[in-house]
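Peer 1: So the chains spell out like this:
Protein chains: 2
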Amino acid sequence: MPRRYLNLTPLSEALAIMRREFPSPGRAESVPLREAVGRVTAEPLYAGYSVPIADIAKFDGYAVKSGETRGAQDQRPLPLAGYARVNTGEVIPPSFDAVVMIEDTWDEGGIPRIRKSAAFGQHVRRAGEDVRAGELVLPKGHRIRPFDIGALATYGIGQVRVRSVRVGIVPTGSDLVPLGTAPGPGQTIETNTLMAEAYLTGIGATCRRYGIVPDEPDLIREAVGTAVAENDLVILSAGSSAGTRDFSRDVVEELGEIVFHGIAVRPGKPVLLANIGGRPVLGMPGYPVAAQTILREVAGDLLSWWGLSPLPCGELDVRLARRLASDLGFDEFVPVSIGRVDGTCWATPHPRGGGIQMAVVRANGYLHIPAAREGIEAGEEVRVRLTVPPASISRTLVCVGRRDPVLGELGNRLAETGYQFHCCNASTVGAVLALRANTCHAATVALPDIASAWSDQVLRYLPDVDLFRVPVARTEVGVASADPPDAGSLASLRVANRPKSAAAQFLLDSWLDREGIDASPSGVPADVRVCSALEAREAGLRFTPIGHESCDLVVREEAAADEGVAALIGAVRSPEFRAYLRAIGRDPGDEDASGVFSA
Amino acid sequence: MPRRYLNLTPLSEALAIMRREFPSPGRAESVPLREAVGRVTAEPLYAGYSVPIADIAKFDGYAVKSGETRGAQDQRPLPLAGYARVNTGEVIPPSFDAVVMIEDTWDEGGIPRIRKSAAFGQHVRRAGEDVRAGELVLPKGHRIRPFDIGALATYGIGQVRVRSVRVGIVPTGSDLVPLGTAPGPGQTIETNTLMAEAYLTGIGATCRRYGIVPDEPDLIREAVGTAVAENDLVILSAGSSAGTRDFSRDVVEELGEIVFHGIAVRPGKPVLLANIGGRPVLGMPGYPVAAQTILREVAGDLLSWWGLSPLPCGELDVRLARRLASDLGFDEFVPVSIGRVDGTCWATPHPRGGGIQMAVVRANGYLHIPAAREGIEAGEEVRVRLTVPPASISRTLVCVGRRDPVLGELGNRLAETGYQFHCCNASTVGAVLALRANTCHAATVALPDIASAWSDQVLRYLPDVDLFRVPVARTEVGVASADPPDAGSLASLRVANRPKSAAAQFLLDSWLDREGIDASPSGVPADVRVCSALEAREAGLRFTPIGHESCDLVVREEAAADEGVAALIGAVRSPEFRAYLRAIGRDPGDEDASGVFSA
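The listed protein sequences correspond, in order, to chains A and B. All residue numbers for the first sequence refer to UniProt numbering, where the first residue is 1 and numbers rise by one. All residue numbers for the second sequence refer to UniProt numbering, where the first residue is 1 and numbers rise by one.
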């Protein structure tokens, strides 16, 4: 009788159930030392012999019997009685117990002489100083680091028994096509299994990706059966079409038992775990960010439980730049960009949609909002996990506001100077508030190109701050339509889209007002859409200009001298960047509007 | 005219000189996406198309024209006029602008009806919501993470241009034999190049290890010439014998210019950097921990400068458990074991010798003492770099004191419970002081097995602390000699070694006193050595017992209930551990001496 979990299982409970249901398969394999980095020892490793294996000289010189050197003094040099010439690293013959450095001796009649007696054990590396024969080198369950390799080799360990987990990854969905194929209409490139392979291999699993299985129950049944037989864990990666998921569920229910279906985690909710013949089969959601969450938090947890070890990843205590709401009972994972602003590390959240992979690509860490929290307040201290080296945080410039595509080129230019440029999307108001709270290095605001906008929309919100303004680019905004020109007859108008920014909305409203046109709320069929001149030209549409929008970079004047911020301002103003704007058909910002302002 | 740096160059200056001398070779290669994790982009990557490529449905349901749904109400349901059935992820036909979820409709006469109007854009994933065609995905210089792979695949990027640095690693030294060979007398297993390969590959370099080159200038010259021609950076790994290093220096001086020889870093001082035909040749020290420091701090720095990116490694602010002296002007790197004791993270240093690889294996991080510091005080806050995942710190138990080999087995047993057991060597006094300062979870003390030792050597130093004592193992100590038994004639005695512990010294002194024997200071030739009964038996020596030494585990009573500490105590007392002791010929600790004590 299959067990069903119709309601969402809390994440912590889901993990506990999973651990109870699936003890470690306890598989191990022998690998040559060279391939052992990142693997986890399956049994303790002991030194086969002592290192050094015998007493050895620390310096070039003479091995002596310390007792025979007693009495040597500056005033009463002594010839060495018995001695053996030794070089650094050479074994000291058994009858000797100390080394005299060659520079502390001089030769007289072929016999070295000393001015100072040698202490017992002087300049000798004792046998077993590093490790003694039979001593534990690594316990079971140790993730092998690059520098462990040298030690293991030194102790004569050339093969290592390491834990092994075989993961089979099966993509299902008739809409899927493999990477390298141009997707046709309604087709999706199959990418989640590639990502799963990259991630789980990093944890130390041995992954096998199977071919894409179309939405046919018989084929899915066969593929699942094969994968379960050949692996310790099977991951079914569903395409995003509805049918796929249903078929997968039916098949696993038929072959085994559903352990849970749906957990209270965002993104990642529609995950399914089944037990087929004692082996876990994990149905991974199709949305890529949801899939990532399940790989990290569920599959990763199972592999840790089975004794593999995740990659070291940094953690950092930071403050949250703006409030994040979250539903009670849901564990949420939010990609964030972290930067150190004026001595404090701030995390600015990116959008949370399961389909927005770019949010994760743009982020340098992520925040876990526990199920017991109904969100986190702005300014609250939180611990984030990093997806970049911690040292890079101090080389990260966080910019909040309009994410004009040309900022990408600024990112490229900054990368040359060793800075990472992180742009977090926000409205002009959001950008100004971030600047006011001093949680970002810079803000980008999109303003209608009229005299009062800068004062009304920026300065007035920052009364006590000197601002440095650098126009980045200007955009001609207008309304575009596919219809043949029909000027003059614009008494009423249906507008297809909401303008992207408040600035464009302002320009549209002013124009409609000026022209005395009644506009219907957005809807289809539409007469026109609001867009830039460039977009209209590219789409071959008729374009009626309604004004200009200016995208400006704004920083606190006190921060403008900061090395990174200065590099950013320099990049905006550089002739190369201005030439780039012209080359792609954009207007550079108005340099005359640049300067320091205060309310 | 070769430049020479006869004096030690400060580390920071050496790195600056190196960066000036060797600009990036700027090499790039194309790799398939699957192999791109950990590599660094050589050029910006842009999205080839928008994702989603068109507006798609977020849910199963009907695509509608939102304008046509206006007026639908609970009291006034509306049949859908024009609509198209869509499933999650399917493209919405161009004339529609919203989706009504199937569960919000019902069928009447084959026509779906609704009770609520649809808003413009409702349940629609807009084209380009994730990424727009031509938008920057990754800037140049970005280290590709596992989850970036999914995004790149989604955006149609199947091949990636990544930075490439070819590193040639040449082992030199007639004393070296390859791993897998049993080293004869005076031979050393060649391990440093294996370690260099593991480490530098992790940074993203393409490494090539060459065969071992014996100490012959002609052969070294030939090998260096080949390696320089085939690589961007050459690492010469010298054996530890003196001759090797000299030959290497002569050869590189002949083929090019010495940039520096010797830097003020510990360990790692004897590093050599040369410029041969514009390419850097780095002479790495032979001592393994010195070699590691140079790989990490010098070779790693050059590779970062050239645009590769080190693995993310965690950093942590901790307190230093005991004072560390350091010479002004030297950058020192000290392996440490970090544990969280009673809410505070403490770092306990391991020995600093360049030959003690086990110190690095045992450590979970390392501390950098900058050149400007003359050491760091006990209790001072320092930032350490971790060599393990940060999360594992809270599962680490730090034990300070006698590192009896049987503690290795305790480490194995604790690994089963998910705890890592770190033993840092210290005298009994050092262990008691660590316990007093509360910088460790447990201490191990070696005490002579006489009634007063526990009071005199432990309790009296911890007057205000309740202690929990668990004897771990007893050792019979005595004097051993190879000579045929000559009992009774022991009027005077030459002792070969200093006893390992104060406890054994105490037993020796008491015995000498009791027996009325005059002992000479340590020296060779010796009559006897102090060792355990087991060691004497294994070495086939005549053994005269002089007493017992007890190795005890001591924890603060208030910490005994802590999950990890309780697991440790449980492991010591377990029948399995006691059986293990007997199996290896050791005496289990005296359970009767176990309990809570206070002064």
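Do not rely on the hints blindly, as some may be mistaken.
[Stated by the list, open to error] With a straight-line Cα cutoff of 20 Å, these simulated SDA-like cross-link-like pairs (lysine to any residue) come out: (1) A:K269 <-> B:N87; (2) B:K140 <-> A:V406; (3) A:K140 <-> B:E409; (4) B:K500 <-> B:P463; (5) B:K500 <-> A:E129; (6) A:K500 <-> B:A54; (7) A:K500 <-> B:A127; (8) B:K500 <-> B:P405; (9) A:K140 <-> B:Q187; (10) B:K269 <-> A:D60; (11) B:K500 <-> A:A54; (12) A:K58 <-> B:Q187; (13) A:K140 <-> B:P405; (14) B:K140 <-> A:E576; (15) A:K269 <-> B:E103; (16) B:K140 <-> A:N412; (17) A:K500 <-> B:E103; (18) A:K140 <-> B:K65; (19) B:K500 <-> A:F120; (20) A:K140 <-> B:A127; (21) B:K65 <-> A:E253.
[As the list claims (entries may be wrong)] Looking from chain A toward chain B, a few residues come up when the C-beta cut is under 10 Å (computed): (22) I53; (23) G141; (24) D590.
[Unchecked claim] Over the 10 Å line for every Cβ pair with chain A, so calculated as not near, a few chain B residues: (25) R34; (26) R113; (27) D130; (28) K140; (29) G150; (30) A151; (31) G180; (32) E197; (33) P217; (34) E416; (35) S455; (36) Q457.
Hints in this document: simulated from the structure, not taken from any laboratory. None of the values given here were measured: they were computed from a predicted structure. Note that the Cβ used here is the ideal one computed from N, Cα and C, for glycine as well.
Peer 1: Run the distance test for K269 (chain A) versus N87 (chain B): straight-line Cα separation, threshold 20 Å.
Peer 2: Answer holds: K269 (chain A) to N87 (chain B) is near 19 Å, not above 20 Å.
Peer 1: Does G141 (chain A) hold up as a contact with chain B if the rule is Cβ-Cβ below 10 Å?
Peer 2: Holds, because the Cβ-Cβ distance from G141 (chain A) to chain B comes to roughly 4 Å (cut-off 10 Å).
Peer 1: Can you confirm whether the C-alpha distance between K140 (chain A) and K65 (chain B) stays at or below 20 Å?
Peer 2: Given that 20 Å is the threshold and the Cα spacing comes to 63 Å, the pair is violated.
Peer 1: Has the given pair, K140 (chain B) with V406 (chain A), been kept, meaning a C-alpha gap of at most 20 Å?
Peer 2: The hint holds at about 15 Å.
Peer 1: Straight-line Cα separation of K140 (chain A) and P405 (chain B) no greater than 20 Å?
Peer 2: holds (16 Å)
Peer 1: Grab the minimum beta-carbon distance between E416 (chain B) and chain A and tell me whether it stays above 10 Å.
Peer 2: At about 7 Å from chain A, E416 (chain B) fails to clear the 10 Å cut-off, so the statement is violated.
Peer 1: Does K140 (chain A) pair with A127 (chain B) here, judged by a C-alpha cut-off of 20 Å?
Peer 2: violated (51 Å)
Peer 1: Holds or violated: K500 (chain B) with P463 (chain B), Cα cutoff 20 Å?
Peer 2: Violated - the C-alpha atoms of P463 (chain B) and K500 (chain B) are around 27 Å apart, more than 20 Å.
Peer 1: So if I understand the rule, the pair passes when the alpha-carbon distance is 20 Å or less; does K140 (chain A) with Q187 (chain B) pass?
Peer 2: violated (30 Å)
Peer 1: Measure nothing beyond the straight line between the CA atoms of K65 (chain B) and E253 (chain A); if it is 20 Å or shorter, mark the hint as holding.
Peer 2: Given that 20 Å is the threshold and the Cα spacing comes to 39 Å, the pair is violated.
Peer 1: Is K58 (chain A) within 20 Å of Q187 (chain B), Cα to Cα?
Peer 2: holds (16 Å)
Peer 1: Please verify whether K500 (chain B) and P405 (chain B) have alpha carbons no more than 20 Å apart.
Peer 2: Satisfied, since the Cα-Cα distance of roughly 13 Å is no more than 20 Å.
The earlier numbered hints that this structure contradicts are 4, 9, 17, 18, 20, 21, 24, 25, 27, 28, 29, 30, 31, 32 and 34.
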